[in-house]
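Can you make the complete structure from the sequences, with help from the hints?
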Amino acid sequence: MGDCRYRTEIAQHVVRAAAYRTAGYPTRAQTEYVQALAVDSTCADLWVLLAQCHQELGQVDSSIAAAERALSLDSSLLEAYNVLADAYALRSPTRAAYFALGALRLQPTLSAQIRAAYFLRAVDTAQAISLLQDVVRVLPVEEIADDLVELCLNYRDTTQAIALMRRLLFEFPDRVELALKLASLSVQRQQWDSAWIFLRAATYHMEAADVSTAVGRWLDLVDGSTPTGILLETARFLLQCNDLSCSHAIVLAQYLVSRNRPVDARQLLVHAFRLRQLQRNEALAAVELLGEWEGPVAVRALLMTRDSTYGDRWVPLALYYLARRFGGAQPAELNAYLDKALTRDSTDPAVLFYAAYRADSLGQRSRAIQLYERILFYDPANATAANNLAYILAETGERLSFALELAERALAADSTNPSFLDTYGWVLFRQGRYGESLPYLERAVSLHTGQSATLFEHLGDNYDRLGNTEKARLWWRRAYEADPQRRYLLDRLR
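Position 157, counted from 1, in the sequence shown is what the working numbering calls 157; the numbers after and before it change by one each time, with no gaps.
By construction, these hints were calculated from the structure, which means they are not laboratory data. Only true hints are included.
Label pairs and their calculated CB-CB ranges:
id: 1; residue 1: Q240; residue 2: S401; range: 56 to 66 Å
id: 2; residue 1: Q240; residue 2: E405; range: 50 to 60 Å
id: 3; residue 1: Q370; residue 2: D174; range: 53 to 63 Å
id: 4; residue 1: P227; residue 2: W293; range: 19 to 29 Å
id: 5; residue 1: D174; residue 2: A19; range: 41 to 51 Å
id: 6; residue 1: L221; residue 2: N260; range: 18 to 28 Å
Because the structure is a prediction, the values reported are computed rather than measured. Beta carbons are placed, not taken as given, at the ideal position from N, Cα and C, and that holds for glycine.
Following this line, the structure appears as structure tokens:
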């Protein structure tokens with residue numbers, strides 16, 4: 001303190017206030033300082049102490065008033081500048097920065113530079129960066145450097161940010177997030193070789209699960225500008241890993257095919273088929289890709305090898321999908337695959353869906369209804385299953401109220417799907433609500449891109465029930481032209 005420190009008449013208050021603050025009673029300390037100021041209101045040190053008490057009690061306005069009073073009495077009080085910087089931090093960043101710089105001028109230490117830089121971030125980013133750069137040159141503290149990097153990025157000074165991050169990574173090579181950020185920034189600058197180096201540097205310090213996540217983030221960055229050489233480097237890396245997500249191999253294989261590298265793509269997918277963690281959806285995606293390049297025979301051999309090695313529940317489903325998608329199997333063989341898939345996993349919605357579709361196509365509607373209901377038990381959000389079940393119920397005239405609920409559920413999931421619109425309209429039709437069904441059937445036809453005899457016939461039937469014979473005949477004729485096997489329509493057209 002200044003001269004007032006030795007005033008006998010206020011010393012007792014100052015001593016008691018200090019004791020109260022130490023004991024955690026700022027309100028009592030505040031009272032003592034007020035009493036001391038009543039004796040001598042020109043003591044700048046007392047005003048600072050009172051301001052600090054107000055600050056501890058969250059009394060921002062009073063804290064500002066007391067600190068400003070202190071500065072008016074003595075402009076060299078460092079503590080007053082610090083109190084005002086803190087008090088204005090949320091109210092006025094500009095004022096907070098002003099007082100932080102004032103404190104820095106009084107005491108140009110590293111801690112004061114850091115403090116001033118943080119207050120300047122929202123006001124003068126360039127000056128904040130300059131201050132932190134000075135600090136990092138003298139004291140390369142990791143946390144400060146992180147803040148400086150963030151400031152540089154926010155200030156769009158990526159060159160400076162990259163330089164700082166390189167320096168940090170050299171000092172702290174296990175900073176995984178730093179390496180990944182450098183990889184991302186390098187990609188933004190189309191510096192793919194550097195980006196790949198930083199990604200590999202990150203993976204050296206990761207657990208397997210984290211490596212998989214990092215590779216996923218890397219593949220998100222890959223685009224049409226990625227050099228083929230970098231894609232091949234990534235492929236070689238994946239081939240060395242036995243614990244990565246197989247979906248990464250599939251994504252990369254698609255990129256390689258687009259670059260006319262089918263051999264490398266095939267190598268990746270075959271590698272994925274050998275990994276224990278290959279899951280159903282990944283396998284089906286791989287089957288789709290390999291089936292187009294290799295044909296069904298080679299893919300079937302891969303699946304059979306997989307089945308004999310691991311016996312995955314999804315292999316019969318994949319074989320069924322392969323045969324349906326690319327041919328090469330007799331109906332009996334197709335049915336055998338599907339039956340085996342049902343035996344392996346009777347709870348898989350995909351297997352149940354194929355089985356329900358087969359039952360419906362064979363006219364086994366009771367069986368189809370059971371299977372679709374089972375799908376919806378395991379997967380209530382399956383809109384296609386809800387739609388198909390609603391349509392079968394409408395055709396059979398069973399549980400039409402329930403059918404309408406199912407059709408509504410499907411339509412809520414996709415209100416522009418022609419099939420869903422037709423089903424909803426057809427259920428209304430079967431309930432005898434011809435006026436309500438017409439808009440849905442018309443919209444289904446308008447949104448359908450091809451020639452659907454079923455949609456045309458439904459619309460014709462609806463117009464017929466509304467007494468519009470001309471339009472009914474028009475749509476029946478179009479239905480017959482789309483599917484001449486519906487010869488029964490000729491009777492309606494006579």
